[in-house]
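Trainee: Spelled out, the chains give:
2 protein chains.
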Amino acid sequence: MTEQKATNVHWHEGEIQREHRHKLLGQQGATLWFTGLSGSGKSTVAVALEDALYKRGKLAYRLDGDNIRLGINKNLGFSADDRKENIRRIGEVAKLFVDCGVIVLTSFISPYRSDRDVVRKLHEDSGMPFIEVFVDCALSEAEKRDPKGLYKKARAGEIKNFTGIDDPYEAPAAPEIHLHTDRMTLQQEVDMLLHELEKRGILSA
Amino acid sequence: MTEQKATNVHWHEGEIQREHRHKLLGQQGATLWFTGLSGSGKSTVAVALEDALYKRGKLAYRLDGDNIRLGINKNLGFSADDRKENIRRIGEVAKLFVDCGVIVLTSFISPYRSDRDVVRKLHEDSGMPFIEVFVDCALSEAEKRDPKGLYKKARAGEIKNFTGIDDPYEAPAAPEIHLHTDRMTLQQEVDMLLHELEKRGILSA
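Residue numbers (my numbering), protein chains in the order written: chain Y, 4 to 208; chain D, 4 to 208.
With the rest of the complex left out, here is chain Y (with noise of 0.2 Å):
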């Protein structure tokens, strides 16, 4: 666990509480944590299923690599403190949005399974929806596809602990939504997720 520095300090309860935001929106919050190797597919499925929740009048929003290593994160490398300090502060963000009552779909290779079940504790402590998406595609696919070219610098050495090729995945163990993005449609996996929502009444509050 992150040690706790500061003292004297507790969650602070206004008196809009998170049940208004979820009446008001007409849903409530969750998280859902898109993991899988690079290429699998993580990004495609997130940005479908947000265009299906807004289609539906839902507000989701999505957390990448790109606008958190932008922003919260910019001061954070590659090394392995900061890579597991890189999910905590996504797992800390994407609760802030779940109280305020947001569906948020994080998009993180996010490798190692003790990273993962830090975020779900989180979660989990406070009540928090935590639903753990693993984007699963053989690593041969997801190489194959290398959308962005970085499966051809790994093997070309020119980065170093690529998942994958010379760091490891670790494929969750129980998630609550497995899809297999090399042979699933996107429709399928849009429909699996939805119907996900709607049985945990997270689509009406």
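No lab work stands behind these hints, which were simulated from the structure alone. Warning: the hint list may mix true and false statements.
Ranges between beta-carbon positions, derived for each pair [said to hold, decoys possible]:
id: 1; chain 1: Y; residue 1: Gln20; chain 2: D; residue 2: Ser207; range: 22 to 28 Å
id: 2; chain 1: D; residue 1: His183; chain 2: Y; residue 2: His181; range: 57 to 63 Å
id: 3; chain 1: D; residue 1: Arg116; chain 2: Y; residue 2: Glu173; range: 43 to 49 Å
id: 4; chain 1: D; residue 1: His183; chain 2: Y; residue 2: Gly130; range: 38 to 44 Å
id: 5; chain 1: D; residue 1: Glu127; chain 2: Y; residue 2: Glu144; range: 42 to 48 Å
Stretch-level coverage of chain Y by chain D, calculated; a stretch enters the list once three of its residues show a Cβ under 8 Å from a Cβ in chain D [unchecked claim]:
id: 6; region: 19 to 29
id: 7; region: 51 to 58
id: 8; region: 61 to 75
id: 9; region: 98 to 112
All residues carry an ideal CB built from backbone N, CA and C; glycine is no exception.
Let chain Y serve as the given structure and place chain D on it in line with the hints.
Mentor: For chain D alone, coordinates are given in the frame of chain Y:
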């Protein structure tokens, strides 16, 4: 400026944009940055404004020392560097909420002008509204209120570097809103803020 460590990243534009969320919510995102002495009334006015916005069907969210220090900034203490990083991270989180379409109300003493200006620049560079609200109150009055008993501890030397006692508060030179909480009613303060939001078209997307 904080050094950008990760390279080859860019702000990811998905299919659903900020404008879509504004339309969905019937409002624009904005940061109202409340700054002032401990006990000046930052949280009081933020809570009252949040309630007034809720009654108009608008989505606001408060970030304050308590929920931030327990979460994203859990690993920061009160050294000069940590205080600076504390405000920077809050600014980045606020910016993500604004991008999502939320009216963010931040309540932090944030005593240094340079730190507040970093946050202002973060917003303005991305075309996001940043409204600095100076919650002005005479030190004598704030100390008389002393809602958390902190001034008493600071005077007794039990808390060091306490703003207003042995650490400076740098008042905003040109805040968008200047509240005098020692001679305005709470209703007057809220009305002034609502008027500003209306004037800027934030309450009607």
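Trainee: Work down the list of hints and note, for each, if the structure agrees.
Mentor: Hints, one by one, checked against the model:
no.	hint	in the structure
1	Y:Gln20 <-> D:Ser207: 22 to 28 Å	26 Å, holds
2	D:His183 <-> Y:His181: 57 to 63 Å	58 Å, holds
3	D:Arg116 <-> Y:Glu173: 43 to 49 Å	46 Å, holds
4	D:His183 <-> Y:Gly130: 38 to 44 Å	40 Å, holds
5	D:Glu127 <-> Y:Glu144: 42 to 48 Å	43 Å, holds
6	19 to 29	holds (count 5)
7	51 to 58	holds (count 3)
8	61 to 75	holds (count 13)
9	98 to 112	holds (count 7)
Checked against the numbered hints given earlier, the structure satisfies every one of them.
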